[in-house]
Each structure stands twice: as structure tokens, then as C-alpha cells.
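Novice: As you go down the protein sequences, you meet chains A and B in turn.
If you count the first sequence from 1, position 161 lands on 161 in our numbering, and the numbers rise without skipping.
If you count the second sequence from 1, position 146 lands on 146 in our numbering, and the numbers rise without skipping.
Treat the hints as calculated values from the structure; they're not laboratory data.
Incorrect hints may have been included.
As the list claims (entries may be wrong) - If the Cβ cut is set under 7 Å, some of the chain A residues that face chain B in the computed set are:
id	residue
1	R78
2	R94
3	P103
4	A115
5	L136
6	V137
Don't be surprised by glycine CBs; every beta carbon is placed ideally from N, CA and C.
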Amino acid sequence: MIKFDEVSKHYPGGQEALAKVDFHLQAGEIAFLTGRSGAGKSTLLKLVMLMERASQGQIFVNGQNLGHLSRRQLPYFRRRIGVVFQDHQLLFDRNVFENVALPLQIAGYDPREAARRVRAALDKVGLLGKEKQNPLVLSGGEQQRVGIARAVVNKPTLLLADEPTGNLDPQLSAEIMALFEQFNQVGVSILIASHDLSLITRLRHRILTLDQGRLVSDRLADGALQAGGPPSAPAVSMTSGFVAGGA
Amino acid sequence: MPRLQASRESRPGKTPAKAPARPVQPTSRDDQGWHFIRGFEQHQGVAVDSLQRLLLDPMASIMTWVVLGIALALPTGLYLVLQNLQQFGSNVDQAARISLFMNMGLADARLMELRERLLQQDDIRQVDIISAAAALEEFQTVSGFGEALSGLDENPLPAVLVVTPTSLDGGAGTQERLARLQARLQALPEVDAVQLDRQWLQRLYMLIDLARRLTLGLTILFCTGVILVVGNTVRLTIENRRAEIVVIKLVGGSDAYVARPFLYTGLWYGVGGGLVACLLLLASLVLLQGPVSGLAGLYGSKVVLQGTGISGVLVILAGSGLLGWAGAGISVLRHLRAIEPT
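Based on the provided sequences and hints, a complete structural model is requested.
Specialist: Below, the structure is given as C-alpha cells:
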């Protein structure tokens, strides 16, 4: 689903945000991306959804080489990826329903079909009763769930999340993560950037660790070999537990 | 997760991870026909939404509309003045009368016959005969040389035919037409000399031409002004909706989708400005009709000021809408691309 091939990202001024990052997230897999602030988590996600372009190396998303994607094709590419932001990026000039409907409206869906899908998405995140409210009056956790509903309403095959629990207490964070696991169980590939190590190690999924732009670890959390998990675990991470990103 | 199972999105057999290498196509999943209808509905919705947003802050919008209205009313007003002048000019086109001085001693019967012949011609509206005797009589009374003239043995004045050409609009080719007519009349064997008061006409036509160029220049200037005002206003709107633009781009809004509401905002600014301009023109016509009628009355003439008419109003509205759209388009091209999610 996502394949990074020796990907580096330099910013003007010589700062190196990512250095020769190599990994492969299989279709239907769920993985966490962790590391300290400034390690390159956000940069990596931005590269996947083409908010930034790689300086070197190749990125494939859903088989598509992102380097070959033109500016004109960009919106249509983004419509197939759901993204959840730490600050949820909701619009406060419209209600919850309209916020969630936005991607469908953009893609030109039939309003009735869109309404059906919006309700289904809101139902999944448990906010069906609040569709008429302004997101401003919702709690932080609820706002984040509206953001998640918006990210999945278009039935993306890939879901990205950048610190989705960054502003939430542990209880709410666990609920949000459980929500992501539910989506993964129905086949959505998920990559979540989070620095909440205690939370993500408990969840027993694949964990990619970045340090100063290098991928220093790619392993499964302890005991992740439980039965019935998604067909995900890449062999390499089980054997070595460590995939270094070069010198 | 019972809830999850119940929803259609989670049908177990169908993993969303289908078609792994499907190339990105710039079309939605709908087929073309639906796509077209959807597109139309989307446009309609965006147009209505843009207008509603303008009406949410009526004071600011009205001020912009008035500014645009004044800028549009000036050139259109000048154009109307020009049109009315032209109409007035063609009312007084008897000034373009051509005097044919006949050969001396031409019989009255020949004069009548020539008059009939001339009246057959398309470009001649009216022919008046001033016989030699009548000319002498008039000259005697007007000039004050009555005594001296009565001493003469024979009438020194020729008969005159006064030819009024068909209506002249003062437009292109008028001069040429007059010159051709003059040459043709000059060629008549009965005619000794032809005189056309061209100086007066030429001045009028040059003035009209000057005014027309002035109007054209001012129209270009003011239309540029309208485009820039709308462009700048839309730029502020874009700034105000920056967050929304970022989110829309993040969830896959194309450049065209993001630009659309602003283009409609520009359209509404333009159309509103055009409406204000029409109202200003109407008010000016009503205010000016009285004095103009009075002035025309002094010259024994009746003048009804010509407005733009319904078609003119439609042209103004369409034109101003187009200018607004163009202004917004420039602004969108310049500023929208720069707003990208970071």
C-alpha cells in the first residue's frame, strides 16, 4: 500500500528531515510511526499525501509512483486517502454533518447517497446524534471523531493519522485507537504517527521508529503474533526487529 | 462491533484494498451523464452559496456594489450621452442641405421636372424650389439692398433647388455619401454650382468622433478599474477563507473546485455593480429629462432622452458580470495556488 524506496527529504537550508527511509506497508496492514518531535513523522506522512515532495528516492502508494503524479492529478489522488490530523482541521462555519460530507461533495456524489454515507460514518464514530451541531461545541475527543468520520466517509483504502490522540486523555486516546483498529479489521491500511509509546506498545501492531530522519527500528510490538491478526506482519521485522537506515 | 457489521461500508467479503495499481483518473466514480448533472447542481449550489455569503455582510457588499456601479455608470452614461447627441444630430440634419444653383434663366417647368427626378433617388428626402423671383424677393427684404436691386433690369439671381439628403446618422461613411451625392448633383447639366455647408457638419462629426474615442478610452479604463476592484475584494475573501481552502485541498478538492465559489463571488459583485449602474443611469435620465426638454423647447424642438432599454440593461448586467468574473479569475490565479496545506 505504501512503499518507501530510499526516500530522503531535505528542506532548503540544508536541514535533512528524512534520510534514506525504506519500508513497505502492505495492503490491509496497520502500523504506528513513532519517534521524538522533529524525528520526521509528520514529514513522512506529508510525503505520502503529497503535501511535500521527496528530494530523493521513490514513494509508491497503491502502486502509484508519486513522483509521476502531476499537480492536476493530486486532488484525485488525495480523494482515495483518508487523513486524520492532530488539530482535526474541521471547519467551524458549518455543522458536523457538513464537515463530514465535504469530501463527498467535492467528489461530486449524489446528495442522497452522500447523506447515507455521512450518517454511516457518523454512526461508526458514535456521533450520529450530533450531526446538526457545530464542531466548536463538541469536546476534543468528539471533534477528533468527526475528523475520523470525514477521513473514512469516502471509503479510502488508506488511512493516515498524524498524532490523532495528541490532545486527548489516555481514556479517549484508547477509544480513538480502537476505532482505527476497527477500520483496519475491514481491510483499510492504516499508518498512524504517534509519540504516545505506552499506548501504541500496548496495541501490539507494527511500529516504525524514526530518529533524526532515519528509520531506526521496524518491529512488531511484543506479543503481536497473536492469531487472527491482519495478513500484515512483514517477515523482515520479525526476524531482525531492527532495520537500520544506513550510516 | 455490531454497529460496524451493520453498516454497508464493512461488508466482510469486500476489502477496500481492491485494484492495487489503478491509475489516478480525473473523473469521479459517477458515469458521464450523472457527472454532468452533478456538475450543474454543484455550480448552482455554489452560485447560491456565494450570493448568500455576500448578503451576510450587506454593508460591505453594498459599498462594493456602489463603487462598481459608479465606475460602470460613467462610461455607460457617456455612451448614452453620445447616443442622444447623435439622435439630436440626425434631428437637425437639415443642416446637411445641399444648395443647387441652377443655370441662369432656367424655366420653372424645367425646375419642377428636375425636382421630380431628384425625388426619385433613394438618398434624397426632400427638394425645395426657390425660384429666381422668390430668391430676389427674399434677398431684397433680408439684405436691405431693396432699392438698389429694384433698379436692375433683370434678376441677377439664379433659381435654387435645396436638396435634403435622407437621414444621416453621423456614423462612418456619412462624409463619403455626402461627397458622392454632391458630385452626382454637380454633374447635372442644369446645375451651375453646388454648395454644401460641410464645415458645420464636419465639426459635428469630428466632435462625435472625438467623444466616441473618449468614451472608448474611458470605458477601457473604468472596466480595468472594475476588474481590479473585484480582484482585490476577492483577494480579501480568499484570505478570510484560507482555513477552508486548506481543508478542501487536503480532502481532495481540485483547483477548479476551490476556485469556483470565488469566481461566483466575482460574478455577483459584477452583476450587483451593473444593477447599481443601471439605477444610477435611470435616476440621471429622470433628473435630466426636465432641463433637456426645456432647453430643446427653446430651439423649438422636442427631445426625449433615450435610455438603455431592456436589451441595454441586459448587456450592462452581462458585461459587468463578465468583468467581475474576470477580476475574480485573476485574483484566483494569483492567490489560490499559493495557499497549500503545510
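Novice: Please verify that hint: A/A115, Cβ, nearest Cβ of chain B, below 7 Å or not.
Specialist: Cβ of A/A115 sits 13 Å from chain B, so the hint is violated.
Novice: Hint A/P103 vs chain B: min CB-CB distance below 7 Å?
Specialist: holds (4 Å)
Novice: Can A/L136 be said to touch chain B, with a Cβ gap under 7 Å?
Specialist: This hint is violated: A/L136 lies away from chain B, its Cβ roughly 13 Å from the closest one there, beyond 7 Å.
Novice: Please check whether A/R78 passes as an interface residue: C-beta within 7 Å of a C-beta belonging to chain B.
Specialist: Given a least distance of 4 Å, the restraint on A/R78 holds.
Novice: Would you check whether A/V137 satisfies its interface hint, that is, whether its CB is within less than 7 Å of any CB in chain B?
Specialist: violated (18 Å)
Novice: If you take the shortest Cβ to Cβ gap from A/R94 to chain B, is it below 7 Å?
Specialist: violated (9 Å)
In this structure, the hints that do not hold are numbers 2, 4, 5 and 6, in rising order.
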